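Trainee: Sequence:
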Amino acid sequence: TNSEISTGLSYPIHDINDEMVIEILDEARNNISNNGLFQIPSMLSPKGLEMFSSIMYNNDDNEIPLRSYFRKTRMNILQKSESDYEDQTVPNFQQTSIYPHTDNNPFNPLEQFMNFSMNVINHIDLTPEFDALYTYPPLLQFLRHVVTTTNLSKDSSFNNLHLRKDFNGSVYGFFGNENDEDLWHLDESPFTCIWMIRKPQSGGNLHYLYVGGKSDDKSLENDTKEMIARILVDYVKDQVLSYDIPQYIDINGDNIPIGIVDANPGDMYCFHGNVVLHKSSIIKGDDPRIIIATAFADTIDFENTNLVQDEFFCESNSKK
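The numbering used here applies: residue 1489 is where the sequence shown begins, and numbers increase by one.
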C-alpha cells in the first residue's frame, strides 16, 4: 500500500516543497544534467530495505526465494545476442543509427559480443510490494520533477515521464553471484532507477559513459558513436573489459571520464539508459549483488521490442 511504501522510503518525497526534498531535487537535476546520472543515498529506509531484502534473499541457504532464471549469453551493446544479430534496429534510442565504423575505427561495434551472466527475476515472479513501489504516485512525481526540468529535456523527448505500458518490463530484479558480469550496453527503456538491496564484497559497481552538453543533435550522435567504438576497440577486443575498466576515454581529443557508482544497500540511482553507455563490473566474493530495476517511459505507449520481452520478461523464462 502507499502507506507501506511511504514508510519504506527515507525522505518525504510526497511533499515536493519540503526543504530536504528540494535540496535532493536540486542536486539530482545538477548531476543528471552534467553526468547523465544521479544517486540518492539511503532512498530506502531501514524498514524498506529490510522488507525488500527479506523477499529477495534467504540468508540461511544463500538462495533467491523468488522464481528466477539464470541467463548466460553473449550480446552486443544493444543487448542482441549473436543468433539475433541480423535484426539490428535501434528502437527508442535517441541516436537513431550506429553505422558500421567511424573514421578512426573501421569496424562494426554491433559485431562485438560480450559476456552476460546473471539471475533475472521477472516481473511476474515478484510480490505485490514491488508493484506498489513502482506505482507509488509520489515517486513518479518526484522523478518527473528531476527529468523535465534539466538540460537534458531540451535536447530529448523528456517533457514528461510515465509508467510503462508493458508492465512486464516495468520492475524486475537481478541477482548476481561471484564471477557474474554485465556488459557495456544501452537500454531500450528511456529511464531506469536501480535500487541496491544487497552489495557484494567486491565489484558490482556501475560504470558509465555519458557525452552531454551538446546542443547539436548531430554532434551528440557522432560523439556517441565514437565513444562506443573506442570502448569496444580498446577493451572488448583485448578481452579485458570486465577486469580493467579505464578512468577516461579519449574522444576527439577530450578525456571523457568513466563514471563509477558505488552504491550501498538502500541507495537508488537513476539514468537515461538509452543514451548512457553502462555496465556493472564483475562480482567477486561470496556475497551476492541484488538490485531492483524500475523502468519508466517518456511516452504513454512505450513498450520493449518483442525480442527483449521474450529474452527478459516472458513467463516461459522463469523457473525456480
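Among these hints, one or two may not hold up.
Below, in silico cross-link-like pairs of lysine to aspartate or glutamate (EDC-like), each with a Cα-Cα straight-line distance of 20 Å or less [as the list claims (entries may be wrong)]:
| no. | residue 1 | residue 2 |
| --- | --- | --- |
| 1 | Lys1653 | Asp1613 |
| 2 | Lys1653 | Asp1619 |
| 3 | Lys1560 | Glu1515 |
| 4 | Lys1535 | Glu1666 |
| 5 | Lys1560 | Asp1654 |
| 6 | Lys1772 | Glu1666 |
| 7 | Lys1535 | Glu1791 |
Just the calculated beta-carbon pair ranges, DEER-fashion [claimed, not checked]:
| no. | residue 1 | residue 2 | range |
| --- | --- | --- | --- |
| 8 | His1650 | Asn1490 | 32 to 42 Å |
| 9 | Tyr1557 | Asn1752 | 39 to 49 Å |
| 10 | Thr1623 | Asn1743 | 20 to 30 Å |
| 11 | Ile1510 | Ile1748 | 38 to 48 Å |
Honestly, the hints are just simulated from the structure, not real lab data. Note that the coordinates shown come from a computational prediction; the quantities given were computed from them, not determined experimentally. For each residue, glycine too, the CB sits at the ideal point set by N, CA and C.
Trainee: All hints, please: hold or fail.
Mentor: Hints versus structure:
| no. | hint | in the structure |
| --- | --- | --- |
| 1 | Lys1653 <-> Asp1613 | holds (18 Å) |
| 2 | Lys1653 <-> Asp1619 | holds (13 Å) |
| 3 | Lys1560 <-> Glu1515 | violated (37 Å) |
| 4 | Lys1535 <-> Glu1666 | violated (27 Å) |
| 5 | Lys1560 <-> Asp1654 | violated (24 Å) |
| 6 | Lys1772 <-> Glu1666 | holds (5 Å) |
| 7 | Lys1535 <-> Glu1791 | violated (33 Å) |
| 8 | His1650 <-> Asn1490: 32 to 42 Å | violated (19 Å) |
| 9 | Tyr1557 <-> Asn1752: 39 to 49 Å | violated (27 Å) |
| 10 | Thr1623 <-> Asn1743: 20 to 30 Å | violated (41 Å) |
| 11 | Ile1510 <-> Ile1748: 38 to 48 Å | violated (27 Å) |
Consistency note: the structure conflicts with the earlier hints numbered 3, 4, 5, 7, 8, 9, 10, 11.
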